[in-house]
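Peer 1: Chains as they are written, first to last, in our numbering: chain A, 1 to 164; chain B, 1 to 528.
Don't read these hints as lab results, they were simulated from the structure.
Please read all numbers here as calculations on a predicted model, not as lab measurements.
Don't take every hint at face value.
Heads up, simulated SDA-like pairs for lysine to any residue below, C-alpha to C-alpha not over 25 angstroms straight-line [what the hints assert, rightly or not]: (1) A:Lys22 x B:Met193; (2) A:Lys22 x B:Lys425; (3) B:Lys425 x B:Val338; (4) B:Lys425 x B:Gln460; (5) A:Lys22 x B:Pro525.
The lines below spell out each chain.
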Amino acid sequence: MTDESRRDAIPSGGAEFRVEIKRNCSISPRQLALLLGATAGTSFGIGVGFAAFGAWPILPFVGLETAALVAAFCCVARHAGDYETIEILQGTLKVEIRDAGTVRGYEFNPQWARLIVLDAGRGAPRVALRSHGRMLEIGRHLAGQARLALAERLQVQLSSHRKG
Amino acid sequence: MSAVLDTHGQHDEHAHHPSGIMRWVTTTNHKDIGTMYLWFSFTMFIVGGIMALVIRTELFAPGMQIVDPDRFNAMTTYHGLIMVFGAIMPAFVGFANWLIPMQIGAPDMAFPRMNNLSFWLLPPAALLLIAAQFVPGGGAGVGWTMYAPLTVQAPMSMDLTIFAVHILGMSSIMGSINIITTIFNMRAPGMGMMRIPLFCWTWVITAFLLIAVMPVLAGAVTMTLTDRHFGTAFFNAAGGGDPVLYQHIFWFFGHPEVYIIAIPAFGVISQIIPAFSRKPLFGYTSMVYATASIAVLSFLVWAHHMYTVGMPVEAQLYFMYATVLIAVPTGVKVFNWVATIWRGSLTFETPMLFALGFLFLFTMGGFTGLVLSIVPIDVQLHDTYYVVAHFHYVMVAGALFSAFGGIYFWLPKWTGRMYNETLGKWHFWLSFIFFNVTFFVQHFLGLAGMPRRIPDYSLQFAEFNVISSIGAWGFGLAQILFLYIVVSTIRSGKPAEQRQWEGADSLEWTHLPSPPPYHSFETPPVLR
């Protein structure tokens, strides 16, 4: 699930740089719940119908399959609202990450923060901010090269900060 | 491992992935997995095809020639199972893997690891189906429908078959969940459900069909297993069970299964015909609703496969009328394809030839289906070669021709190389002619009363069987040409353009080069 969209928000409240990256999700959790209800309802209807004629072993398979479907849909729905905002505001690099309903904020000093590429040798490159022994991966909702493009843009901002 | 940011020289994405066999074992990339599905499908097509040739060679003349009756029955059974579950279904899952992410503007499938597992469940299941013929007692000559109570008495190969069916079902369920989640959740911004290519719509509908019916098949074979080994009597009349219940359960799965095979084929055809007619598909919305209607109706007609089993005349009438009703949405689809062709700027490259072959022959298969849906006629034709001819017109001229057309259509996109058009046309015409030589005469055999699933037959059927067997060998040999065309395209085809077919307008043609990059869309495309 790495299909994501990026939105360059207009810097507000005096922010010098602001990027909001949202997970691309083309179905709402409510629609997903309706879909699940309809699918599971149909499957259980069929299972119960056959059980009424004595063929009850179909029902456990309906249950197993519906459980797999629920797990997949939950996985999608939990992350439907995930986002990352990265902004430089009043001399502070702020990163806000929403992951499965939990929002966490991180602050870095742009003078000290370094951008690093993780695992560049295998799989898609991952990008992280590192400062004072702390490391935070960013751009997780972007794929491959778009992640590096974000990093390059942020690198320009950080460099200009260092130069004063 | 980490490095201070330096993005130069990191654009060679393939360098980051395992190479050799491990690339294929561990891959989570939809294109790799799509490729594996397609090669697996072709391998199974050859295996099932060899069985078909054994069957047709045995039937070349009356009397027993090369196999004993038990082996013949086993061949018939596993030919059906392998072609349905091992060849045709995985072929269209291969298309789905390759095309759905590219057509909706996504970088990959929603659950790539599950996608990998879905594929790698198939080879062990295929091995079980093949191995089942070599275990003590021989293969289970029960037919692909696995009717009870014959299955209760079958040798241990039946257990291997049941296990294989379970594994294939798991693979299908995982694939369906992946496809549904991908299409509903990962469409590019601006791509509403009524803007996705029809191929994606047909796969959404197919995935829901699979989810609805796979537990039914799993339950059916599990009850067969418990009847065989655990003393239950679901289907065993000797213990108070009901063999007819099995038929109801199986066909509740089995009839939608026909559409699980046919509907993605409709999707492929709906991409090819507009491209070579240089016109948008006529009646996109009605195509979507017609496909959905076919899917819904497919749940309501199962007992037309069992008119002769004994049922009240009211039930026979209901199933007959409901079956005839399916001709309406199917007619809508055929009408729309013809209307798309009408006054189009037509050219007849190989994919279009296969699409037109599909249109012509699938419609014939549909008509013979209507003939069989009429109770008094079906009572005469049930379990004759007319039925064999009918479903091969649907499965081979329908699904297989569609798959061939789709491969020729997308091969330039997938490989970045163009196939040899002359050889492609040879492949089409050989397949078209030999297919009809094989199966058209089987209508006459059926009308004359030749039963299906017999290794020997009365002398009166000899001539048509000779013709049919010659056609089968010709059709089989023509597929070697197909293999040669595909391999030579991959190895030495001329470079293909991004939009090899100027009439093709879905995202994979308009937004991606040929071949597409390892990750199709780094960011979703912007659609107007």
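Peer 1: A separate judgement is required for each hint: does it hold in the structure or not?
Peer 2: Hint-by-hint comparison with the structure:
1. A:Lys22 x B:Met193: Answer holds: A:Lys22 to B:Met193 is near 21 angstroms, not above 25 angstroms.
2. A:Lys22 x B:Lys425: 48 angstroms, violated
3. B:Lys425 x B:Val338: 22 angstroms, holds
4. B:Lys425 x B:Gln460: 37 angstroms, violated
5. A:Lys22 x B:Pro525: 15 angstroms, holds
Hint compliance for this structure: hints 2, 4 are broken, all remaining hints hold.
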